[in-house]
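S.K.: In order, the protein sequence lines correspond to chains A and B. Mapping of the first sequence onto the working numbering: residues 1 to 306, in sequence order. Mapping of the second sequence onto the working numbering: residues 1 to 429, in sequence order.
Calculated directly from the structure, the hints in this document are not laboratory data. Glycine included, each C-beta is placed from N, C-alpha and C at the ideal position.
Partial list, computed: chain A residues near chain B (C-beta under 7 Å): (1) F90; (2) H116; (3) G132; (4) H134.
Dumping the calculated BS3-like pairs for lysine-lysine here, alpha-carbon to alpha-carbon at most 25 Å: (5) K314(B) x K91(A); (6) K91(A) x K391(B); (7) K398(B) x K91(A); (8) K95(A) x K391(B); (9) K6(B) x K374(B); (10) K425(B) x K398(B); (11) K196(A) x K236(B); (12) K285(B) x K196(A); (13) K95(A) x K314(B); (14) K19(B) x K2(B); (15) K95(A) x K398(B); (16) K374(B) x K2(B).
Derived coverage of chain B by chain A (criterion: at least 3 residues anywhere in the stretch with Cβ under 8 Å from a Cβ of chain A; other residues may be distant): (17) 197-203; (18) 309-320.
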Amino acid sequence: MSLSSRHLLGMQGVSRNDIQLILDTAITFKEVLERPIKRVPTLQGKTVVNLFYENSTRTRISFELAEKRLSADAVNFSVSTSSVSKGESFKDTIKNIEAMKVDMIVVRHAAAGVPHYLTQISDSNVINAGDGIHEHPTQALLDMYSIRERLGKLDGVKVCIVGDIAHSRVALSNIFGLKTMGADVSVCGPSTMIPKQMDELGVKVIHNIDEAIQENDVLNVLRIQLERKAREYFPSIREYHKYFGITEDRLAKNGKDIVILHPGPINRGVEISSEVADGPSQIILNQVTNGVAVRMAVLYLLGTQN
Amino acid sequence: MKIALKNVILFNPDQKLNKKSNLLITDGIISKIGSLNSEDLKNCQVFEFNDKYCVPGLFDMHVHLREPGREDEETVVTGCNAAAKGGFTGIACMPNTEPAIDSAEIVSFIKQKAKDHLVDVYPVAAATMGRKGETLSPMSELVEAGAVAFTDDGVAIKTARILKTALEYSKMFDTPIIEHCEDESLAGGAMNEGLNSTLLGLPPIPSVAEDLIVSRDILMAEYTGGKVHIAHISTKNAVELVRQAKAKGINITAEVTPHHFHMTDDAVQTYNTNTKMNPPLRTSKDVEAIIEGLKDGTIDCIASDHAPHSLEEKEMEFEYSPNGILGLETQLGLALTELYHKHILSFEQLIEKLSINPRKILKLKVPKFEIGEKANFTIIDTDEVWSVDIKKFKSISKNSPFHNRLLKGKAIAVINNSLFFLNEKFHSI
Numbered sequence: 001m002s003l004s005s006r007h008l009l010g011m012q013g014v015s016r017n018d019i020q021l022i023l024d025t026a027i028t029f030k031e032v033l034e035r036p037i038k039r040v041p042t043l044q045g046k047t048v049v050n051l052f053y054e055n056s057t058r059t060r061i062s063f064e065l066a067e068k069r070l071s072a073d074a075v076n077f078s079v080s081t082s083s084v085s086k087g088e089s090f091k092d093t094i095k096n097i098e099a100m101k102v103d104m105i106v107v108r109h110a111a112a113g114v115p116h117y118l119t120q121i122s123d124s125n126v127i128n129a130g131d132g133i134h135e136h137p138t139q140a141l142l143d144m145y146s147i148r149e150r151l152g153k154l155d156g157v158k159v160c161i162v163g164d165i166a167h168s169r170v171a172l173s174n175i176f177g178l179k180t181m182g183a184d185v186s187v188c189g190p191s192t193m194i195p196k197q198m199d200e201l202g203v204k205v206i207h208n209i210d211e212a213i214q215e216n217d218v219l220n221v222l223r224i225q226l227e228r229k230a231r232e233y234f235p236s237i238r239e240y241h242k243y244f245g246i247t248e249d250r251l252a253k254n255g256k257d258i259v260i261l262h263p264g265p266i267n268r269g270v271e272i273s274s275e276v277a278d279g280p281s282q283i284i285l286n287q288v289t290n291g292v293a294v295r296m297a298v299l300y301l302l303g304t305q306n
Numbered sequence: 001m002k003i004a005l006k007n008v009i010l011f012n013p014d015q016k017l018n019k020k021s022n023l024l025i026t027d028g029i030i031s032k033i034g035s036l037n038s039e040d041l042k043n044c045q046v047f048e049f050n051d052k053y054c055v056p057g058l059f060d061m062h063v064h065l066r067e068p069g070r071e072d073e074e075t076v077v078t079g080c081n082a083a084a085k086g087g088f089t090g091i092a093c094m095p096n097t098e099p100a101i102d103s104a105e106i107v108s109f110i111k112q113k114a115k116d117h118l119v120d121v122y123p124v125a126a127a128t129m130g131r132k133g134e135t136l137s138p139m140s141e142l143v144e145a146g147a148v149a150f151t152d153d154g155v156a157i158k159t160a161r162i163l164k165t166a167l168e169y170s171k172m173f174d175t176p177i178i179e180h181c182e183d184e185s186l187a188g189g190a191m192n193e194g195l196n197s198t199l200l201g202l203p204p205i206p207s208v209a210e211d212l213i214v215s216r217d218i219l220m221a222e223y224t225g226g227k228v229h230i231a232h233i234s235t236k237n238a239v240e241l242v243r244q245a246k247a248k249g250i251n252i253t254a255e256v257t258p259h260h261f262h263m264t265d266d267a268v269q270t271y272n273t274n275t276k277m278n279p280p281l282r283t284s285k286d287v288e289a290i291i292e293g294l295k296d297g298t299i300d301c302i303a304s305d306h307a308p309h310s311l312e313e314k315e316m317e318f319e320y321s322p323n324g325i326l327g328l329e330t331q332l333g334l335a336l337t338e339l340y341h342k343h344i345l346s347f348e349q350l351i352e353k354l355s356i357n358p359r360k361i362l363k364l365k366v367p368k369f370e371i372g373e374k375a376n377f378t379i380i381d382t383d384e385v386w387s388v389d390i391k392k393f394k395s396i397s398k399n400s401p402f403h404n405r406l407l408k409g410k411a412i413a414v415i416n417n418s419l420f421f422l423n424e425k426f427h428s429i
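Next comes chain A alone, as it looks inside the complex (with noise of 0.2 Å):
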């Protein structure tokens, strides 16, 4: 078995089965991290450049570590520390990264688009790990797999995702990936903050947070990007954490088990509080360590590809 496309630019047009073989081979992934020599052979001697043009910390480690499971040669690339600052244009990096016989990129960038660019001025393999506002298929695959794993299935589970819905890679790349997986989503967050369009994306949309606790298995609650422009789509944090944020009393009320995700960073007391974001609903560490198990499948199956 072998994916149909030699990048993951995103989990748009990415197909059922191809969803499938990834999660079902970061299940035999996961087993390795659990061993004592968390280490296998697989893509000895290929080499993978984590290009972030953007800064990120879980992201970035989880591929390095995945990559470095996988005996692969990492190497990191970030913008502080390249010649960015000195105005290289990003086709003259790419071109000189390539110079040096890489296989693989994974790349992270500011702009929508660039993965898809990338494919087109580069012959490795590209693996989009966050691009703009558009999408983060390893991100929305890591959360099918940690769905999964908890309810054993996806099909028929209904997924609310909460949040900045038009300013989320995450929102987009788990729209795609979960609706091809037949799962039900929905959106909730206040409608400045939903797309007009979602509706044309067969996607429900909820503006109040009590009744997507009560009519949802899941709720993938999104940062408020509280260091983006995200502040001028509501009145304040206060006025969001009352409306919008998870909280205990809210989950008591709605008197219902519903199992949470967050893609972390979290920003406790804003869009999920400490007790829930600690609290035994939530599988928020989960989702870290199965994102190295599922970084570890999407490197491993594009790298052993003909």
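Chain B: place on chain A using the hints.
M.R.: Frame of chain A, contents of chain B only:
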């Protein structure tokens, strides 16, 4: 010097003229129309055109020449060469140069650069100093130097207050204020707001950003009695607003680009930077409204918004790439292919929108087929099928999304200022 053009169809809606004939041109002036005798043909170079249309020279009223400032992308002369190849004998050039066209010296500088060319260049000057929307440009001086209109181009005139002043002041010369209609507070995105921007994760520009300024400008044109010309109209609502304003007798005109009359934001799906423009490509509903607007005359003319950019500016991340594409060398082909051959516009309507109306908006003389008139016209083969090849462009820049596109119809020759452009070359006549 004498040349004869044999078997051309003289076509000028402004003269209600549509007839097969021959033209004799002596020293750039029409000296005879009709059958030519042996005396006429003595010492005369004869060109056979086999029933091709000969129309008043095409005019593009929205062209960005990059001189002064970015001569690596386009100069006055290379832009004029591209215009001639595209079938145009006149162009109006926009003031977003560096420095902006906000002084008589720069107007004269551009006119000087174009002095000996076949293509007439009419600078459109900045409405405000440095296009900053604060202080009115020296409009009287600019008009005296040869400016034919005013615009802050690339942006709308910043405030209603300065727009009001600009419209009131420019009334003295009866020149239009050309507006790039986009609300500043809603600007800054990379593509049209809609399903595609959501799917592509690109920062959006809502269509209402255009509609708001079109509304403002219409109201201000009505209030002041000034003349407003809407550049590159792109939304359904804007077309409707202009239609209503015209019905009320408000002094307003509008142009559309070839890309806006036939492309939608679906073209952005590959993140091709040559589909990035401002206004952005919109939806099929907008394109349908534009087609209606072209048919019923709401949209007066077709203009290219020819915007040269260097390769390195377009070979980059979509969001960071500058807006705009080339247009001069593909405009006529696209208009013939997408509007004339698809029976959306008649040939007469097409020539009105590509030659007569833009000249009238800018109060320039429309060339005529009459003895004693200056020869200023374009010869068009409406049926030749050709493939766009950016490598053959006369423009220095190559940023066109139409590379390898098959088009039906093109200009085969242009004549103006005693110069004849035929087979890729300029000939003195």
